[in-house]
Amino acid sequence: AQSVTQLDSQVPVFEEAPVELRCNYSSSVSVYLFWYVQYPNQGLQLLLKYLSGSTLVKGINGFEAEFNKSQTSFHLRKPSVHISDTAEYFCAVSAVRAAGNKLTFGGGTRVLVKP
Amino acid sequence: NAGVTQTPKFQVLKTGQSMTLQCAQDMNHEYMSWYRQDPGMGLRLIHYSVGAGITDQGEVPNGYNVSRSTTEDFPLRLLSAAPSQTSVYFCASRPTSLAGGPGTQYFGPGTRLLVL
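Chains as they are written, first to last, in my numbering: chain A, -7 to 107; chain B, 1038 to 1153.
Any given hint could be a false lead.
As the list claims (entries may be wrong) - Here are a few chain A residues that sit away from chain B, every Cβ distance over 12 Å (derived from the structure):
#: 1; residue: Val3
#: 2; residue: Glu7
#: 3; residue: Ser19
#: 4; residue: Thr64
#: 5; residue: Val105
To be verified - Which stretches of chain A does chain B cover? Using the computed rule of at least three CB atoms under 8 Å from a CB of chain B, they are:
#: 6; segment: 34 to 44
#: 7; segment: 95 to 103
By construction, these hints were calculated from the structure, which means they are not laboratory data. Cβ atoms here follow ideal geometry from the backbone N, Cα and C, with glycine treated the same way.
Construct all of the structure, not just a fragment, from the sequences and the given hints.
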């Protein structure tokens, strides 16, 4: 079984400042890693995913994440946030050979961008 | 191409009532799933299906039933609603991965359910 821990439930940040959202996972098997974003009153959208290869993954809207296998982490970063980045962000994992590639989600991090 | 659609958007039930949450997708995706979202707990998988006629339980299946008679539809049934089932429910679909890892999951807009 897999588990995901998002260390910060809320992150306030000023506009144009950088932000880092932390994600750690636990798994006894190899995993795929994902970050999803949920804007207010909407469903989830995929920001980026790590399947294999380069550990630095770039996603949409200027976000990137780095996979660190030794620390079992997949932290999300953006160098300069906008008001429109106010949303909830979810880290998720899927075991490489899981039936149906089921996703296990973390508890989410609410990002509030202040002007 | 409407993607993943869910109805209703909002529902209020009394304890003991039953209802069906509808989910449909028009992308010919084989894999569909239902999640519930509760504050601080992220999304938890209720049931999933890897194709028509095939369903399986997720992490929190108790109190819910599903069926998959067509590729497009994946309804979620609450047999006897309880206050603990107050939540936001999301349906998702994805194509079967042809190679490498899983494809992107596409989420519906959600159904907000309040059980009194």
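Checked against the structure, which of the hints given earlier come out wrong? Of the numbered hints given earlier, the structure breaks none, since each of them holds.
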